[in-house]
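Asker: On the provided structure of chain A, position chain B as indicated by the hints.
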Amino acid sequence: MIVAEVKPMDEIQDTLKKYSKVLITGCGSCVTVCLSGGAQQVEVLASSLRTARKQEGTPLEVGEETQVRQCDPMFIEQIRDKAAGYEAILSMGCGAGVQTMAETLGNIPVYPALDTVFFGGADGKGGFVELCAACGQCILSRTGGICPVARCAKSLTDGPCGGAQDGNCEVDKDTRCAWQLIYARMMRLGQLHLLKEITPPKAARVHPARLKREE
Amino acid sequence: MNSNAMPPCQAKCPIHMDVQGYVAAVARGDVQEADRIIRRTNPFPSVCGRICTRECESVCRRGKSVDEPVAIRALKRYAADYAGPGAGAEKADHIYPEKIAIVGAGPAGLTAAHDLALMGYSATVFESEDEPGGMLTRGIPRYRLPLDLVRSEVDRIRSLGVEIKTGYMLGRDISLQDLQKDFDAVFLGMGSEKSTCPECSGMELSGVWTAVEFLKDVSRGKKFNPGNKVIVIGGGHTAIDAARTCLRLGAGDVTIAYRRTIDEMPAGMDEVEDAREEGIRFEFLTAPEAFEGSGKVEKMRCVRMELDKSCGGKGKLTCVEDSAFEMEADTIILATGYVPRTEAVQELCTEGGDRLEIKDAAGATRTPGVFAGGDFVSGPTTVVQAIASGRKAADAVHSYLRGLDQSREAQEKVLRDLDDDVARLVPKAGREKPVCLDPGSRVHSFDEVEHVFSPEQARAEAARCLHCSLGAFVSRDCAVCLNCVLVCPYNVPRPGEEKAYIDMSQCQACGICAGQCPASAIDLGVEPKKELREKIRRVLDEAEKKSPGNFSFGYVCDFSKSRPGDLQGENVYTITRPGLGRIDVYELLAPFEAGAGEVLVAGCGEEACKFKDCSLWTRRNVQRASRVLESIGLEPGRVRIVE
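As they're listed, the protein sequences go chains A and B. The letter at position 107 of the first sequence is residue 107 when you use the numbering used here, and the numbering goes up by one with no holes. The numbering used here runs 1000 ahead of the 1-based position in the second sequence.
Looking at chain A on its own, in the form it has when it is part of the complex (with noise of 0.2 Å):
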């Protein structure tokens, strides 16, 4: 899934300062799952706005609605008629939401009250953690389920840097070495020989991607 977090109020006040009505967009998915752009966080942001502005002394009208996924024209459809009667549109969704509004409604702004920082998963513990980069060709075959992409702070595909010390990456501490995760995961599988093919260099990836449904 996506994971996403809250931007600084700051940033959002700013963003919004020139406004007086503004809507609050959450979305029913992954942002939701990573606990930043649902209902709740829509009711939080909303009413901490309102005060802020309120404060000020420029109040700031705020409708609040979260639609099933962002991400998808015919959801935002459902809220064209209520969107028109605002001036922007604040949206929590992913980036894929925040883009999937600016153009499905074509002529409200829409921005973004989210930073979309990866797509992972949840590290049990109530976190999320990065587990895939979207690069398009996937090895984990190769590497017993473990993205050295994502995973390694170097993104090797070939073993490691040589730099990990106690099986920890050196570019952070607090990260388990990608690749030393790899090899006793491979060890464990009975396929570290497998380590020993080197992985063709990726073909470079054209941005945006598309994924066509099959006629």
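Careful: at least some of the hints might be erroneous.
Residues from chain A that keep clear of chain B, each with C-beta distances beyond 12 Å, as calculated [unchecked claim]: (1) 174; (2) 181; (3) 192.
Below, in silico cross-link-like pairs of lysine-lysine (DSS-like), each with a Cα-Cα straight-line distance of 27 Å or less [to be verified]: (4) A/54 to B/1545; (5) A/17 to A/82; (6) A/82 to B/1529; (7) A/125 to B/1612; (8) B/1433 to B/1012; (9) B/1546 to A/54; (10) B/1530 to A/54.
Honestly, the hints are just simulated from the structure, not real lab data. Every residue, glycine too, gets a C-beta built ideally from N, C-alpha and C.
Answerer: Coordinates of chain B only, in the frame set by chain A:
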């Protein structure tokens, strides 16, 4: 949407009282509301608050799995005693022309009259004695049920327009035919007061009494001297009542003789315990053979019994050979069973028998329009059974008169027991005990033995309720983030097929998951979110109006010792709610929008909290709200916990 399974206390109660409702009202200190909830289904709260056999407590899930059952009966009494006269019931908004005759002003008949009056019928009750109340006024001793309380409950029923005519006995002063002629329907609830006596010689001796006659005479104020040695024969509530009454009349040596063992006694264990405390002795497996004396009873000859439990049921009794022995007695009281007097309604009885023929659970007799219920049909039971029977009869009469289909009582699904893994995580809290007169002094008077809870005791006891079936449920907005699984202190939520699944039978209703759900997809049966938000809005509107820009807002837990008035400061506006775990960050911030200077949160601290980890999560939410305040340039300490 709540769970459709009933809490066991409510399911087990013959009149399905909303136990949780009134217990929760007591917890938050709202005695009037508790009394209102109780009176919705029970016209005799003061009575049931004292002498109900509390089947509810026997199935309380707290008692079954955690520690001891919630003292439901004592809480009902507390609400009834403290609520005072209250506003009284609202009268019917529709009046029907039909008149209903009710024979017997015991709990069954009076409940039927009460319910019919509330439905809009004119009800007239005929009572053979000179005072209404049935066994409540004539059979239950004053030290268990003060007379003025029964009178005041009866007066409430009268105030609904019910006419009670005393001194009218069916078969003597009025006949069933007359009633059928003058009324549109008849309910017979004459009780079950005819004693059945063992086949013993010496029944004619003076000093040999039946318990009902004895208790009736005592309650009428007749002076009695039972002498020093009293034997009461029987094992039910009436036997215990008669024995304890004798002590209060001056007897020094009172023995209850019962032919089976303590395990088979119909009387409750607490009654047996009370009797023992007062010095009453028990002779089990003892049956009378003869009462002997010259003119006046002097002794009882009896035998030992043997009980073979292997054959099932209550077991098979046989006399032990050569076990005859004698017990001296100045008075012998027989409390061995009672049957209804059916002489006046022979046409309703089975062919050649003396039992009423009853056609359905609502008490229809073989004559259309004539219904019967209470002990008159069932034989001696409990006051709450009689109330239930009166209620069913009232519904049946209404259906009969209006040509409606008899509503059949739906079989309720009952919430299952707590799992051991959950039960062991529920913080223990001992049951409050009402103050009782000490056994040494109470036997010298008819003063009420058990006292009412103090308000502090009542709130503490009410806080022990586990809110069965009012826990958390998940809406379709669930994003399946499984945050609820992570935060629940009792490990109840699980990943479900389409959304998170919370087993209502295990949920403790602490609300922590609801406060932490990022999709706002979890709500509680205990004060749902909509109600909570409306309450917050109402209080904030009032604060904005009365103290604009100059007020504090407080959240106070219903179960904490703190009360709204304890929050220090000027213009503090508060709301209370059952548990603070579900107060989310938005709810902590919203008062600032309305101009609150501070938001105060009053719980009871980690140690005293009835919910595991509730103070931890409350503290985390307060810290989060503080950080939000800081991010918009307000002092973070403006939202804080006060203990």
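Asker: Does each hint hold? Answer for all of them.
Answerer: Hint check results:
{"no.": "1", "hint": "174", "result": "holds (22 Å)"}
{"no.": "2", "hint": "181", "result": "holds (24 Å)"}
{"no.": "3", "hint": "192", "result": "holds (35 Å)"}
{"no.": "4", "hint": "A/54 to B/1545", "result": "holds (17 Å)"}
{"no.": "5", "hint": "A/17 to A/82", "result": "holds (21 Å)"}
{"no.": "6", "hint": "A/82 to B/1529", "result": "holds (25 Å)"}
{"no.": "7", "hint": "A/125 to B/1612", "result": "holds (20 Å)"}
{"no.": "8", "hint": "B/1433 to B/1012", "result": "holds (23 Å)"}
{"no.": "9", "hint": "B/1546 to A/54", "result": "holds (19 Å)"}
{"no.": "10", "hint": "B/1530 to A/54", "result": "holds (26 Å)"}
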